[in-house]
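Participant: Starting from the known structure of chain A, fit chain R onto it as the hints suggest.
Chains as they are written, first to last, in our numbering: chain A, 1 to 349; chain R, 1 to 349.
Zero decoy hints are in this set.
Between beta-carbon pairs, the in silico distance windows are:
(1) 243/R - 288/A: 49 to 59 Å
(2) 46/A - 329/R: 24 to 34 Å
(3) 309/R - 130/A: 49 to 59 Å
(4) 283/A - 294/R: 28 to 38 Å
(5) 310/R - 283/A: 26 to 36 Å
(6) 310/R - 46/A: 36 to 46 Å
(7) 245/R - 288/A: 47 to 57 Å
(8) 294/R - 63/A: 33 to 43 Å
Hints in this document: simulated from the structure, not taken from any laboratory.
Where is the CB? At the ideal position from N, CA and C, for every residue including glycine.
Number of protein chains: 2
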Amino acid sequence: MDSHAYGVIMAGGIGSRFWPMSTEDHPKQFIDILGTGQSLLQQTFERLSNICPADQIYIVTNEQYREITKKQLPGINDSQVLCEPMRRNTAPCIAYANFKIMDLDSKANVLVCPSDHLITKESVFNEVISQSLKQAATKDVLLTIGIKPSRPDTGYGYINYEKTNAAFSKVISFTEKPDLETAKKFVASGDYSWNSGMFIWNVNSIDKAFRELLPEMHLQFEKGKGKYNTEAEQAFINQVYPSCENISIDYGIMEKAGNRQVINADFGWSDLGTWGSLYEHIPQDQGGNALIGKKVMSLDARGNIVHVPNEKLVVMIGLDDCIVVEHGNALLICKKEEEQKIKKITEGL
Amino acid sequence: MDSHAYGVIMAGGIGSRFWPMSTEDHPKQFIDILGTGQSLLQQTFERLSNICPADQIYIVTNEQYREITKKQLPGINDSQVLCEPMRRNTAPCIAYANFKIMDLDSKANVLVCPSDHLITKESVFNEVISQSLKQAATKDVLLTIGIKPSRPDTGYGYINYEKTNAAFSKVISFTEKPDLETAKKFVASGDYSWNSGMFIWNVNSIDKAFRELLPEMHLQFEKGKGKYNTEAEQAFINQVYPSCENISIDYGIMEKAGNRQVINADFGWSDLGTWGSLYEHIPQDQGGNALIGKKVMSLDARGNIVHVPNEKLVVMIGLDDCIVVEHGNALLICKKEEEQKIKKITEGL
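For reference, chain A alone in the conformation it holds in the complex (with noise of 0.2 Å):
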């Protein structure tokens, strides 16, 4: 293993489009929503841990998570868990953790990727990954994972790239969440790809992109050096993070850099982003019911999603596409085609 290999898990997000299973004192992340007996994040971090040693894989999220990390977690120090004091988008946390990681080790390689992806294909992601820390470690580029498109999908986004024979591809440019016409001509023409929102530099590179694309953000947290890996870090970025300007990786620095490049790759990857998006990943029965809960039946229902507490007993007769969820005390029952209304319902609560 690579003693140079960081890993940096985003473990900030509130899930809302899982609600009731994911709720902003308990998102997704920090679900078994598959109902593997890991959560999201016990599951990254562990895939994780194949390819950096343990102790330098860092978890960046709120300062409202800090003991659910930890408790999902054992293992690790308090030291790798990087605790916001409010939201922000992608990149002032990965502004804050480079600064961090680049204190203890300047020639560290890091892989960034969210908290709450399925990676089904291990070994694939593990060879990708370690040639990708690999081609970082010696060129001076901001690589991303671009996935092989399976289907026009328009809640993704889309990388184009200059086809060649090289693993890694010079990236034209980035698009988010296209319509379904402009999704399926990527798909068709060969060089797009979605963008798994996963990237690799060193901390030198991502660090000049800092100055160069971002340079008031670069120097906020500048300022704290000295402070990274002391005593007094938490209380630098309680400070400096309220000033911060609320934008993410891709928007300030992925679309604007000149030496970014991809690698695609297909290692069973999903984003998880919707409970649609679940139903292939979750075991079905005889009527096509993707059922996580031990006391699920079903007569003459089909293609539902159900997600429950094992000892629920659920019944369902006649019921066809919904997604029923219940977690704690609250119930959700909604027809999978409707289900971008429910963050919007939940917003409300």
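Facilitator: This is chain R only, laid out in the frame that chain A set:
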């Protein structure tokens, strides 16, 4: 109030069509199924107490429900709860109650009724029953209450009667749950009514009918004379019940008796036999969702029936024409048109 007026409430059923609200431990008649604050049994008792002295209302139920009956009707005496040691049909239940009442009052006139029906027009009900009790007091007749049919319901029994101008008509025949074509003809003909399952007679008329039409059963209960209304009553009942024929009063007596009459009425009656039949009796939101439960939200959801605890938060999105019921640790979600399957699936539980 007529001092010879007695009530017999039959409250031994299981109500399996109302799972999961209704369970064998806690069946339909003991549930506040309409969200009124009273169970159906409590409503029935209160209704009868406008007609009979409250201490002359008897509840016949299963031994299993003795305590819940006493708990729900705290004003009654222990002797008013008649307990069957096992499930038999309505004929033994009525024979038992009749021998007991006859022993107390040889001039008693008795209203026998189910415990789990809905009646919304109480004053009309009171008038019809008073009139019927008077008829029963002076005539040797077996009266049944017919309900003016408002639709060709195939879930009810029908009474064919001789049309006259009199309040009480001679019954020609009974037909159990006809097919739709037949039901349509019945309703169109104008000389059919729905069988409400309520009966009125004096103790001697029904005693004579048992003696003639169910002579063996009559003999069995007659052996208890001297034990009714004593400490020996329950032991006698426990001993005689197992050998009683399992037969309904309709099949055993009413379909065969010569002196049966019907009085037709319209007092807002429903047998509340199915979840669907509750729909119109429960307050509805703007989407036509009939809701029992204080925290139920719906978005583009129509025509559902929801029955959940007040503290349960339920969000329905895009759901149409379903029955959603939570009780204890069980949840039912069933398309309204499929509700006849509830019984099927819950029999296996």
